[in-house]
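Peer 1: Spelled out, the chains give:
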Amino acid sequence: MNVHEYQAKQIFAKYGVPVPKGYIATTVEEAVENAKKLGGKVWVVKAQIHAGGRGLGGGVKVATSLDKVKEYAEAILGMTLVTHQTGPEGKLVQKVYIEEGADIAEELYLGVVLDRAREMPVIMASTEGGMAIEDVAANTPEKIIKVAVDPAIGFKGFHGRELAFGLNLPKEEIGKFIKFAAALYKVYMENDAEMIEINPLVKTGAGEFIALDGKMGFDDSALGRHPDIEEMRDLSEEDADEREASEYGLSYIALDGEIGCMVNGAGLAMGTMDTINYMGGTPANFLDVGGQANAQTVAKGFEIILKNPNVKAIFVNIFGGIVRCDRIANGILEATKLVDVHVPVVVRLDGTNASEAAVILKNAGIANVIAATDLGDGAKKAVAAAKGEL
Amino acid sequence: MSILVNKDTKVIVQGFTGKEGTFHAEQCLAYGTKIVGGVTPNKGGQTHLGQPVFNTVKEAVNTTGATVSMIFVPPAFVSDAVLEAADAGIELAVIITEGAPVRDMQEAKAYATKKDMLTIGPNCPGIITAEECKIGIMPGAVFKKGNVGLISKSGTLTYEGANQVCNEGFGITTAVGIGGDPIIGLSYKQLLPLFEADPETEAIVMIGEIGGDLEIQAAAYIKENITKPVVAFIAGQTAPAGKRMGHAGAIISGSAGTAAEKMAALEAAGVAVVRSPADIGKKVAEVLKK
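These protein sequences, in sequence, are chains A and B.
Note that the numbering used here has the first sequence beginning at 157, numbered continuously upward.
Note that the numbering used here has the second sequence beginning at 31, numbered continuously upward.
Hints are not guaranteed to be accurate.
To be verified - Selected chain B positions facing chain A (in silico; Cβ < 10 Å):
| no. | residue |
| --- | --- |
| 1 | 133 |
| 2 | 135 |
| 3 | 139 |
| 4 | 182 |
| 5 | 187 |
Unchecked claim - Here are some chain B residues the structure puts well away from chain A; computed CB gaps all over 12 Å:
| no. | residue |
| --- | --- |
| 6 | 47 |
| 7 | 74 |
| 8 | 82 |
| 9 | 117 |
| 10 | 194 |
| 11 | 200 |
| 12 | 232 |
| 13 | 240 |
| 14 | 259 |
| 15 | 302 |
| 16 | 319 |
If you are wondering where the hints come from, they were derived from the structure by calculation, not from laboratory data.
C-beta atoms are modelled at their ideal positions from N, C-alpha and C, and glycine is treated no differently.
Next up, chain A with everything else stripped away, as it sits in the complex (with noise of 0.2 Å):
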């Protein structure tokens, strides 16, 4: 799950991680109100949606009259705003965040992350603050510090003194710098965080570091022991389809081809998507129906398939394990009872009962039902069903 800038600014004032001054607003004239409130003389006005790149696409303005901020707040409320991470549909601002402005004399970046590797967290630095991290690793990976830290230690002095030092940051900046990483990796161990990113991270022409940025991710699992966390969830900001499959136990993503799939287990979804592409076709979703799929879970995962116009052909592939493939059998012919399926079903159960489910669909006699042998002859006839060659 992600949260908002604000709401991870939120997260880090708690812990005494630096952040500018600021209010959320849903109005223009909550907008300007904020600016009020913040006194001065410049704020920023920054659209709060789940992407970076809000910059570039126009989500962030920095005013220096209440006038501007109205300006601007009208403007980017309501936009669609479109970055490199929202895709070229963009997302619609509903919230924009009024923050005072800061006196920058550096951008710095500053990150922590599970390092898979070393199963253990990564506090990432660089002075390269403002551009993307990927991009910094990719052209000057020798400008990006990397400290783990041992979560059976904790963050220690050592730790601070590696990113510090490996900023060049001057003598006096040094203790200020540590403080301020030990209180970010409080953050993310504390919280269960997935991820953190502050970029930038400025240093004020005061020598002080402020979190001008903020983002979070957190570990899903983890959530239940986070209450605080969970009541920040911003459903607008999930795809619908994607949410309503989660509901029902489904696990969904939709994505831009042809032939919808349905089918058990994540590897085998993702292995049934690269068999349609090997087959010459083009996966319209991934989709994990899980291991308590039934006639209800069924009937919801094709009323989610067929919501996508571009489906041509749905391939079901099922390799029953301890699910049975008669009831999934079953639960076909209940779902084509509840839901009209419009294009043809290639149907490959195999497995634990996969004779019995055989019979089942053969004896219920569906038109739109092809059966299929195995998971390659599932894709090729879907893949042929889809191009109307069967």
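Starting from the known structure of chain A, arrange chain B on it as the hints suggest.
Peer 2: Using the frame of chain A, we list chain B on its own:
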């Protein structure tokens, strides 16, 4: 022969009396696995599925001499269960539970390593030595005895791969589902040398997926150390970047963790990489007939 577990392996089940634990322990017993007891706090002294229930792993180990534990406790308690197993001197913990927090697994694995306890999973189908010992949730009937070792991040692709190998007239020595979480126990790199050393195993199937770099590490290891033929498939060639494909660890970040990158590394290491999982069986037959 086989790797890690066989017909003599003594197994206990943590989360023995729960719904999942009961169902799968029953299936494992039916397969012939020597389940010698289980642990459910506050139910010590009872008998479940004909086996004794203990309050603690230590008690279970001391009484039964079990060396392996199969873990079915709910996600929030996985870390505690693994730590307890490690502390009690269990040699291998097979963690089936899905949805354990990453931070918990980080801690649990670090302690297991310190205590020399091997782990498999979490969020995995387990391990099976064909026709001898099944410790997990896989459909036992799919795995016929033979000469092919199998390592996979995905459960259903394990069944798919094993089924194809058997349909080609071969069979399985041991199959290990290592799980697709960001932090897992035994990985390709630790399991490959075991298959290399196992005299029965003549070929190895390796099934990977997008995310992380375990397959890349495996490729480097294979190049230097493995003489037996390896057939590999990497799932997620058509997966979009930045999206989590079902498994917590199956995500392409930036340009890292792609299927293309892993397939290229494996090919460069001399591995027979198939583009579709439908070709695993055929490719195994091809490398074994050479």
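Peer 1: If a hint holds in the structure, say so; if it doesn't, say that too.
Peer 2: These are the hints, each one checked on the structure:
1. 133: holds (5 Å)
2. 135: Hint holds; residue 135 of chain B Cβ to chain A Cβ min 9 Å, cut 10 Å.
3. 139: holds (6 Å)
4. 182: This hint holds: residue 182 of chain B lies near chain A, its Cβ roughly 7 Å from the closest one there, short of 10 Å.
5. 187: holds (4 Å)
6. 47: holds (19 Å)
7. 74: For residue 74 of chain B, whose nearest Cβ neighbour in chain A is about 28 Å away, the distance exceeds 12 Å, so it holds.
8. 82: At roughly 26 Å from the nearest Cβ of chain A, residue 82 of chain B sits farther out than 12 Å, so the non-interface label holds.
9. 117: Correct as stated: the minimum Cβ-Cβ distance to chain A is 15 Å, above 12 Å.
10. 194: Check fails; 8 Å does not lie beyond 12 Å.
11. 200: The claim holds: residue 200 of chain B sits with its nearest Cβ about 16 Å from chain A, beyond 12 Å.
12. 232: Check passes; 24 Å lies beyond 12 Å.
13. 240: violated (7 Å)
14. 259: Holds, because the least Cβ-Cβ distance between residue 259 of chain B and chain A comes to about 21 Å, which exceeds 12 Å.
15. 302: Nearest chain A Cβ is 16 Å from residue 302 of chain B, so the label holds.
16. 319: holds (20 Å)
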